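Engineer: Read off the chains here:
There are 6 protein chains.
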Amino acid sequence: MSICVRNTPRADKAVIEGFAGIGVATVHEAQGRIGLLASYMRPIYRPAHIVGSAVTCEVAPGDNWMIHVAVEQCQPGDVLVVTPTSPCEDGYFGDLLAASLMSRGVRGLIIEAGVRDASTLTEMGFPVWSKAIFAQGTVKETIGNVNTPVVCAGQLVNPGDLIVADDDGVVVVRRKDAAQVLEKSRAREEKEAKTRARLSAGELGLDIYGFRDRLAAKGLKYVDYEGD
Amino acid sequence: MSICVRNTPRADKAVIEGFAGIGVATVHEAQGRIGLLASYMRPIYRPAHIVGSAVTCEVAPGDNWMIHVAVEQCQPGDVLVVTPTSPCEDGYFGDLLAASLMSRGVRGLIIEAGVRDASTLTEMGFPVWSKAIFAQGTVKETIGNVNTPVVCAGQLVNPGDLIVADDDGVVVVRRKDAAQVLEKSRAREEKEAKTRARLSAGELGLDIYGFRDRLAAKGLKYVDYEGD
Amino acid sequence: MSICVRNTPRADKAVIEGFAGIGVATVHEAQGRIGLLASYMRPIYRPAHIVGSAVTCEVAPGDNWMIHVAVEQCQPGDVLVVTPTSPCEDGYFGDLLAASLMSRGVRGLIIEAGVRDASTLTEMGFPVWSKAIFAQGTVKETIGNVNTPVVCAGQLVNPGDLIVADDDGVVVVRRKDAAQVLEKSRAREEKEAKTRARLSAGELGLDIYGFRDRLAAKGLKYVDYEGD
Amino acid sequence: MSICVRNTPRADKAVIEGFAGIGVATVHEAQGRIGLLASYMRPIYRPAHIVGSAVTCEVAPGDNWMIHVAVEQCQPGDVLVVTPTSPCEDGYFGDLLAASLMSRGVRGLIIEAGVRDASTLTEMGFPVWSKAIFAQGTVKETIGNVNTPVVCAGQLVNPGDLIVADDDGVVVVRRKDAAQVLEKSRAREEKEAKTRARLSAGELGLDIYGFRDRLAAKGLKYVDYEGD
Amino acid sequence: MSICVRNTPRADKAVIEGFAGIGVATVHEAQGRIGLLASYMRPIYRPAHIVGSAVTCEVAPGDNWMIHVAVEQCQPGDVLVVTPTSPCEDGYFGDLLAASLMSRGVRGLIIEAGVRDASTLTEMGFPVWSKAIFAQGTVKETIGNVNTPVVCAGQLVNPGDLIVADDDGVVVVRRKDAAQVLEKSRAREEKEAKTRARLSAGELGLDIYGFRDRLAAKGLKYVDYEGD
Amino acid sequence: MSICVRNTPRADKAVIEGFAGIGVATVHEAQGRIGLLASYMRPIYRPAHIVGSAVTCEVAPGDNWMIHVAVEQCQPGDVLVVTPTSPCEDGYFGDLLAASLMSRGVRGLIIEAGVRDASTLTEMGFPVWSKAIFAQGTVKETIGNVNTPVVCAGQLVNPGDLIVADDDGVVVVRRKDAAQVLEKSRAREEKEAKTRARLSAGELGLDIYGFRDRLAAKGLKYVDYEGD
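Residue numbers (this note's numbering), protein chains in the order written: chain A, 1370 to 1597; chain B, 1370 to 1597; chain C, 1370 to 1597; chain D, 1370 to 1597; chain E, 1370 to 1597; chain F, 1370 to 1597.
No lab work stands behind these hints, which were simulated from the structure alone. Computed from a prediction, not measured in an experiment: that's the story for all the values here. Some clues are possibly wrong.
Lysine-lysine pairs mimicking PhoX-like chemistry, simulated, CA-CA at most 20 Å apart [what the hints assert, rightly or not]: (1) K1587/A x K1509/C; (2) K1563/A x K1553/A; (3) K1553/E x K1563/E; (4) K1500/A x K1500/C; (5) K1500/E x K1500/D; (6) K1545/F x K1382/F; (7) K1509/F x K1587/E; (8) K1509/E x K1587/D; (9) K1563/D x K1509/C; (10) K1509/F x K1587/C; (11) K1553/A x K1382/A; (12) K1587/D x K1509/A; (13) K1587/B x K1509/A; (14) K1509/B x K1509/E; (15) K1509/B x K1560/C; (16) K1509/D x K1587/A; (17) K1587/E x K1587/C; (18) K1509/F x K1590/E; (19) K1509/C x K1590/A; (20) K1560/F x K1509/D; (21) K1382/F x K1509/D; (22) K1553/C x K1563/C; (23) K1553/D x K1563/D; (24) K1587/F x K1509/C.
The following block holds chain A by itself, in its conformation from the complex:
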């Protein structure tokens, strides 16, 4: 059975906006090193950074029909997350679908497959994280699901989960955890800013983090070079 779920929840708007400028690595650390999509999900242009609520879409290999169904479910501030039922690098998405999503205020696309019209998407400023850029077309014959939980690039994504994506990749944050993860992310950023200043001034991580004793306890020996 194929379904399209309507009226799915979204992450809190203030929380979404709060993540502006916070990087994927920070969010990933702040929530305990979970939620990161696989490393083959790459932005089609750099730099790029988006945050938004997930609208999910499950498609058949080589068939982009359901993306048209998903578009109608999208609202301003959403991020469309598309995953095929078996691995596929075809170009499911191009400038026409991007025009449609942009007209609805959608912030970007995460797709575990290919996209095309890469140069036009870049000109339009519509950010995409994908597995491939490939002109290969798709058909419209097989239906799938919209707004059901999906596994995209190794991570479970529910409709309404928060998506953060930048040059380092894509991370998913559970909707109900989003406010707490934001708080932890900010705390982390503040702490890192201080550490960065000290490192830039020449202090060593070995000292700042107090690693020397623990390294010695583990058995690290310092020796002088004896070659030549």
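Please build the complex by placing chains B, C, D, E and F on the supplied structure of chain A, with the hints as guidance.
Structural biologist: Just chains B, C, D, E and F now, with coordinates in the frame of chain A:
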């Protein structure tokens, strides 16, 4: 036996120029979704777009000798298409060969292998679609073929076939089909411009393409979210 | 046993500076086509070019602890070379470690693994050649080695070896061979400049290099196109 | 936070035994083409077929400590499902852990990573589906989770879900759906046995499934060969 | 337009039978090192060896409908060659289709995609060379072509071309060249048998092939070990 | 410059024989988890186990000429280790070279490239660990090196180093460390045999290795299942 075929045909000049600005995805669709080289053929810089007649060159793994033979067969408006007889990512091609091809008016290189001097090629503005960028050198010991039909990145390419390449990949058009494919590509572009305008104005693909009934007939159900 | 070797030798400063502007492909050719790291080692931004003395660091998969140990061993003009004991694409390195290395005058990072904070590293102008860009974090639980010989991306690198990296990849030059390789690289560059000028003027490689007789001797036949 | 969840539910024993001899492809079809792990999950020896309740285990890259924790949670009829938090092919599992699991009546291992002692595991008759066979050892420094929901090779697996694995791969069936999927699998097997008999007798799928009209309606044309 | 071409030619029966027992490597060499499909085409069980006339079939990604059309075109002694229009590892083919092909005397399947029911196919003794073994099912919604020229795993295959496949891979021989290639293959086998006897008796290839002078002329130096 | 080094040292015969029956995983652990070749080096048939002294051979991509040079340097008890100067999967080695090596008492081949005649090699009982099985032929045009240090599949191998290979992969042991590694390997085997007996009897690794306190100290919590 190794051969170099001279005086191969070219695609019609007016037709070649007609493809200027038409994207690979459009051409691929216009000719019925055929002719696309594999997705691992990537431009060394972006954006890039070329159109031209194929001069083909088959080389041994790790041996670029035949490229020098191929250069002599190239004319203004040509695109050099190089394929190794077994998979190889060595740097077959660099700034010297590019200088030689540019002096002959060649528009770019398609190579199912590696190239080097990537930063110089970028400065020179000589576009290349390759499988890799890799400094690994090649030898000049084994001969091959020039201007015979080759399979490059999964597609048959004959000398004189039309090559179109952009950020989305590379497509080959049979020489005798080129005029017709151009016409269909233009028709497609016009149609897409109209659709894009409607989508940008907020109309849905579901309505423009009349998908709703067909989706329902296939069994798609709309339901309301019941979580939380 | 895990060790950190201090006071390792460096390549000669004048030699290091001599390599400024000389490309990886040239160095690789000049030293007899050896020393090139695997093609999957890619710069995180382009163009980029660095030369320096290697400080080596061997890390456990998913564990970046030893990089902090290695930082202390780095001096101005060094290049940090990091390799995991089994394949890993985690983000071992980000903007904090880069700030620390930059404060010490380190020229760049070569890592057969992943890095993160790619956009910040790009803004900072800290060049990195890596296998991946990936936000996945690492732990600090397992020790390794600093300044022991390592195999990185298929090449043996000793502490103090010269590293040259650019858009084409990364090459290692043995410290004791560096002066001679520099001399040969310069000779090669001069020779290539002359050849490039001739090729740009329309001369053929077939003639410049005198290939015609050797190709004929190998059996290459020229024939005229007979299709259509 | 790392947790080990005790007393997780199991699939019904009679249902588990009912799947004996039913292939992964059949189960996958019977439950609507869902639940299949990625194609790189391969058996270390063939033929092999197991069914059981999942005990899940999430491990750090290059660290098999938590597998020892998971072993204690295993009961007769279970299948251990192990997934690393970032991609890793190290040999997490060998003959000692297999001896331990066999003594507890565990039916096999599904691991999105590497295993070692492959020849001994084969002699012992302990079936494993893994991403790699690799002698590379692991450490015991970082903790993870046991019996939490995990994504393994692209599929969500909950503790107690049913796992079916054979030469074609691995499929997960939700615990509450297991009885119904068994019923559908059996129905499918019966139907297929009849179809196989007709096909073996020379009847065509085109006729048995009534495809001819639908193919014609889609536009398929039959033409006679005109070459030579 | 999708077509199914009927009454395509076959390779000569006596020639086909003549290839019995001749390996792929021999055929590949005998015809001048051409025609070899990519190395990822692997037999699902070993040892296996088949020879036959190609019936070609082009399918959509994730859609095996056209294989049913192709079955009807198969005759005793044929080999079915299936290629998707974009890369796909789904399980297009299983024991039912194998039963159908076996009832028609087809000798095996070459498919640049996945197959399933691997253990049953092995029991049935129906040999398959594929890119993957994967339980993932396919749909029947999109049509393609039967008995048109296709590129399969990097090689052009025409209907009626001769296919030879064994544990080393798959090679295609043009139908009109088949008799000559058979003759050369036999000559090669005879010559190799003699060489093998000499090598087994302890003679060196260096002497049998007369390599010593040519190696010296190329610059090979023999030196004594000076380490330790 | 290309060289062939004669009279390289061998590992001690008694030590070599001592490794008979000791697995790669054991050796790898016994020498501190170093020396393991990459996981893509797979045996062409299983089970297989060899031990011997390395004769090294560096070849050009697609060119097996130097293997003939290496054969002459091989003695009874040796293992031939072949590595190309850039990645290549061509079939460098087949039954003729195997016959030659067998006549000299060579125990097997380790090659970071392809081999062919896989079924014949299996019948002959000549074990090979390779990156690929592929019928693609090679040429004899470019020279390389024999018995120089090489990097093969990520590990440095010197002539005379000990090679151990089995179903889990390939490990290199420095010649001078071989006796000590053998001793440690035996000690490890004895210890593991005792542990295996205890595990088979139902004792838990958690108790045998005393992990419970350390896991608790790291923060592992046990909780009861609360789902359903």
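Engineer: Decide, hint by hint, whether the structure agrees.
Structural biologist: Now the hints, each set against the structure:
no. : hint              : verdict
1   : K1587/A x K1509/C : 11 Å, holds
2   : K1563/A x K1553/A : 16 Å, holds
3   : K1553/E x K1563/E : 16 Å, holds
4   : K1500/A x K1500/C : 16 Å, holds
5   : K1500/E x K1500/D : 16 Å, holds
6   : K1545/F x K1382/F : 13 Å, holds
7   : K1509/F x K1587/E : 11 Å, holds
8   : K1509/E x K1587/D : 11 Å, holds
9   : K1563/D x K1509/C : 60 Å, violated
10  : K1509/F x K1587/C : 13 Å, holds
11  : K1553/A x K1382/A : 18 Å, holds
12  : K1587/D x K1509/A : 13 Å, holds
13  : K1587/B x K1509/A : 11 Å, holds
14  : K1509/B x K1509/E : 50 Å, violated
15  : K1509/B x K1560/C : 18 Å, holds
16  : K1509/D x K1587/A : 13 Å, holds
17  : K1587/E x K1587/C : 16 Å, holds
18  : K1509/F x K1590/E : 17 Å, holds
19  : K1509/C x K1590/A : 17 Å, holds
20  : K1560/F x K1509/D : 18 Å, holds
21  : K1382/F x K1509/D : 36 Å, violated
22  : K1553/C x K1563/C : 16 Å, holds
23  : K1553/D x K1563/D : 16 Å, holds
24  : K1587/F x K1509/C : 13 Å, holds
Consistency with the previously given hints fails for numbers 9, 14, 21, ordered from lowest to highest.
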